[in-house]
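Chains as they are written, first to last, in the numbering used here: chain E, 1 to 247; chain A, 1 to 315.
These are calculated hints, taken from the structure and not from any lab test. Take the hints with a grain of salt, since some may be wrong.
Unchecked claim - What follows is a list of derived Cβ distance ranges for each label pair: (1) 24/E x 237/A: 32 to 42 Å; (2) 314/A x 221/E: 47 to 57 Å; (3) 42/E x 167/A: 54 to 64 Å; (4) 15/E x 150/A: 22 to 32 Å; (5) 147/A x 42/E: 17 to 27 Å; (6) 42/E x 130/A: 23 to 33 Å; (7) 183/E x 145/A: 39 to 49 Å; (8) 15/E x 180/A: 46 to 56 Å; (9) 148/A x 121/E: 43 to 53 Å; (10) 314/A x 172/E: 21 to 31 Å; (11) 145/A x 33/E: 34 to 44 Å; (12) 175/A x 75/E: 45 to 55 Å; (13) 121/E x 147/A: 31 to 41 Å; (14) 171/E x 127/A: 47 to 57 Å.
Because the structure is a prediction, the values reported are computed rather than measured. Just so you know, even glycine gets a beta-carbon here, dropped at the ideal spot from N, CA and C.
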Amino acid sequence: MNDKALIRATAVTKCYPNGTQALKGVDLQVSRGEVVCIIGPSGSGKSTLLRTLNAMESITSGEVMVDGVSVHARSTDLNRLRTQVGMVFQQFNLFPHMTALENVMLAPMRVSKRPLDEARSRAEKLLQKVGLADKAHVHPGQLSGGQQQRVAIARALAMQPTIMLFDEPTSALDPEMVGEVLEVMKDLAREGMTMCVVTHEMGFARAVAHRVIFMDGGQIQHEAPPQPFFDAPSHDRLRAFLGQVLK
Amino acid sequence: MKQDRSRGFWYGVYALVLVGLVAGIWGMSVRVHYDWNWRDVPQYLVSTSGQELLAPFDAYVTITPDGKTLSLTEYGGERSASYTDFEQAYAESGDLVFRDDLLAYQAGLRPGILLIGLWMTLKLSAVSLVFALLFGLVAGLGRVADNPAARQLSSNYVELIRGTPLLVQIFIVYFFIGTVLQLSAFTAGVVALAVFTGAYIAEIIRSGIESVPRGQMEASRSLGMSYAQAMRYVVLPQALKKTLPSLAGQFINLIKDSSLVSVMALTDLTKAGREIISSNFRPFEVWFTVALMYLALTGTLSYLVRRLEKRLAHE
Ligand SMILES: Nc1ncnc2c1ncn2[C@@H]1O[C@H](COP(=O)(O)OP(=O)(O)OP(=O)(O)O)[C@@H](O)[C@H]1O
Ligand SMILES: [Mg+2]
Chain E
1 MNDKALIRAT AVTKCYPNGT QALKGVDLQV SRGEVVCIIG PSGSGKSTLL RTLNAMESIT
61 SGEVMVDGVS VHARSTDLNR LRTQVGMVFQ QFNLFPHMTA LENVMLAPMR VSKRPLDEAR
121 SRAEKLLQKV GLADKAHVHP GQLSGGQQQR VAIARALAMQ PTIMLFDEPT SALDPEMVGE
181 VLEVMKDLAR EGMTMCVVTH EMGFARAVAH RVIFMDGGQI QHEAPPQPFF DAPSHDRLRA
241 FLGQVLK
Chain A
1 MKQDRSRGFW YGVYALVLVG LVAGIWGMSV RVHYDWNWRD VPQYLVSTSG QELLAPFDAY
61 VTITPDGKTL SLTEYGGERS ASYTDFEQAY AESGDLVFRD DLLAYQAGLR PGILLIGLWM
121 TLKLSAVSLV FALLFGLVAG LGRVADNPAA RQLSSNYVEL IRGTPLLVQI FIVYFFIGTV
181 LQLSAFTAGV VALAVFTGAY IAEIIRSGIE SVPRGQMEAS RSLGMSYAQA MRYVVLPQAL
241 KKTLPSLAGQ FINLIKDSSL VSVMALTDLT KAGREIISSN FRPFEVWFTV ALMYLALTGT
301 LSYLVRRLEK RLAHE
């Protein structure tokens with residue numbers, strides 16, 4: 001057991017109301033500052049696992065601890081917990097009725113009750129950080145997919161989370177925009193952000209991840225640092241999967 | 001060129017049909033030997049006989065010889081009063097008048113009963129709309145809520161109201177609830193219309209909320225917002241913007257539905273029409289006039305709604 005573990009999921013199972021067994025006993029530990037990439041075939045439970053970490057999805061049994069707090073305990077203040085765990089979605093989910101800047105400012109103002117000036121100056125800095133300072137007053141509808149996803153990252157960072165969860169952040173993007181988003185994520189990793197990234201970008205996983213996890217059938221089948229993981233896959237199903245996606 | 005000519009032809013057909021309809025109506029009225037008299041109608045819109053001047057207390061009347069000043073001396077009292085701004089006196093010098101007797105008509109124009117009724121209709125609809133929006137918002141939020149009690153209650157409300165005729169609801173509110181709670185006719189009317197329209201607005205708002213992608217709520221919650229905050233700052237603004245045209249349409253329906261409250265002791269536009277007919281027996285002219293006034297009201301509103309829609313589409 002690792003004492004530095006910021007996230008610790010133990011024997012997590014998840015059964016959806018319709019009977020789908022999405023997670024069948026998952027153990028996962030992520031240390032502070034660690035970047036973990038999760039790969040696996042469609043329907044293997046990657047999104048479900050990620051979403052149990054900030055209680056966007058309830059669990060059927062097991063336990064998830066984030067920074068010493070039991071996420072699924074009744075007494076846990078979920079809204080407070082979620083300010084510590086930023087999430088970035090495949091479909092960006094920006095608020096279309098607000099400008100990029102307002103998107104980033106909303107949660108700090110309404111949730112953390114930060115004064116307008118402070119929220120704005122922090123939002124401006126974050127937009128600058130993701131390279132979109134000039135798009136502050138543009139609505140999401142007028143931004144490209146890559147730009148939208150970068151705003152979404154800035155929006156999640158505005159709450160100053162200690163963990164960032166990414167669920168296939170580049171899967172909805174045109175190929176030429178994937179790079180700009182991955183670049184922002186690399187910067188974050190370099191700054192020491194703790195990250196869990198569900199992705200199909202094997203290049204990113206190889207270059208940035210400290211550890212890569214292969215999920216299949218609601219279970220973690222294999223995990224290893226990127227080099228042995230990709231160069232000498234010791235697991236049969238992983239080999240088959242890698243053979244398919246790298247083809 | 002050819003298309004222009006055929007369009008012109010169909011506009012001609014259109015005009016002919018209209019003329020035919022008017023002729024048909026006229027022909028029908030001839031068959032029942034109805035003699036049209038539109039000259040009576042304008043006075044119901046704007047009355048030329050001004051405000052009534054009523055005696056404030058029991059008094060003797062004195063009118064100066066030029067007929068311009070009317071003075072009162074209280075009967076068995078000290079008070080007196082005099083008036084100059086009247087047109088035609090109904091009392092004569094030396095008369096003893098009692099409190100609230102008609103002394104004279106003051107000069108000037110006065111809204112006729114139809115305009116008063118129209119104003120009542122507008123006021124009733126506007127006040128009802130405010131409450132209907134409130135009911136609709138609460139019930140609409142209830143419909144999409146997780147809480148079974150909220151969901152069930154709102155759904156029962158909507159089904160109950162949409163499954164029964166408005167007229168029956170009005171009777172229940174006016175004769176039952178109104179009597180028990182001693183509601184005025186206006187309050188009872190507002191309650192009935194607001195409860196009725198609220199059910200339809202609830203459905204509009206529910207569908208608006210459901211049309212906002214789930215990801216909006218998820219993203220808000222993932223940032224630490226509560227359900228209420230996410231609704232208020234993220235989901236509802238988008239939902240309401242999408243449903244604004246339907247909501248405005250509901251206001252137009254509300255204006256038309258408000259004619260049913262004329263069964264209560266409330267002089268709205270429709271009731272004004274009925275009152276006029278019971279005294280002058282001119283149903284054709286009066287009902288056509290009333291219909292035109294409703295049409296003017298709803299037409300203006302739907303024009304405004306269309307403009308609003310265009311504006312929103314541009315954004
Ligand atoms: N809300 C839900 N209700 C019922 N079943 C669900 C729900 N969400 C996911 N599932 C099911 O749970 C299983 C795991 O889904 P999950 O979305 O976690 O997979 P994934 O690995 O993220 O797949 P993908 O790569 O397609 O995103 C799948 O069989 C899916 O059909
Ligand atoms: Mg997924």
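> Do the beta carbons of residue 15/E and residue 180/A sit within 46 to 56 Å of each other?
Replying inline: 52 Å, holds
>> Against the range 21 to 31 Å, how does the distance between the Cβ atoms of residue 314/A and residue 172/E compare: consistent or not?
In response: For residue 314/A and residue 172/E the Cβ distance comes to about 27 Å; the hint holds.
>> Assuming the hint says 31 to 41 Å, is it satisfied by the Cβ distance from residue 121/E to residue 147/A or not?
In response: 39 Å, holds
> CB of residue 42/E to CB of residue 167/A, is that within 54 to 64 Å?
Replying inline: Between residue 42/E and residue 167/A, where Cβ atoms are some 57 Å apart, the hint holds.
>> Holds or violated: the 23 to 33 Å window for the beta-carbon distance between residue 42/E and residue 130/A?
In response: Since the Cβ atoms of residue 42/E and residue 130/A sit about 50 Å apart, the hinted range of 23 to 33 Å is violated.
> Quick one: are residue 175/A and residue 75/E within 45 to 55 Å, going by C-beta?
Replying inline: 53 Å, holds
> So the hint says 32 to 42 Å: do the beta-carbon atoms of residue 24/E and residue 237/A match that?
Replying inline: 41 Å, holds
> Measuring from beta carbon to beta carbon, are residue 147/A and residue 42/E in 17 to 27 Å?
Replying inline: 34 Å, violated
> Between residue 148/A and residue 121/E, does the C-beta distance stay in 43 to 53 Å?
Replying inline: Since residue 148/A and residue 121/E have Cβ atoms about 45 Å apart, the given range 43 to 53 Å holds.
> At the C-beta level, are residue 145/A and residue 33/E separated by a distance inside 34 to 44 Å?
Replying inline: 40 Å, holds
> When you take the CB atoms of residue 183/E and residue 145/A, is the distance between them in 39 to 49 Å?
Replying inline: 42 Å, holds
>> Between the beta carbons of residue 171/E and residue 127/A, is the distance compatible with 47 to 57 Å?
In response: Between residue 171/E and residue 127/A, where Cβ atoms are some 52 Å apart, the hint holds.
In the structure shown, a violation is registered for the earlier hints numbered 5 and 6, in ascending order.
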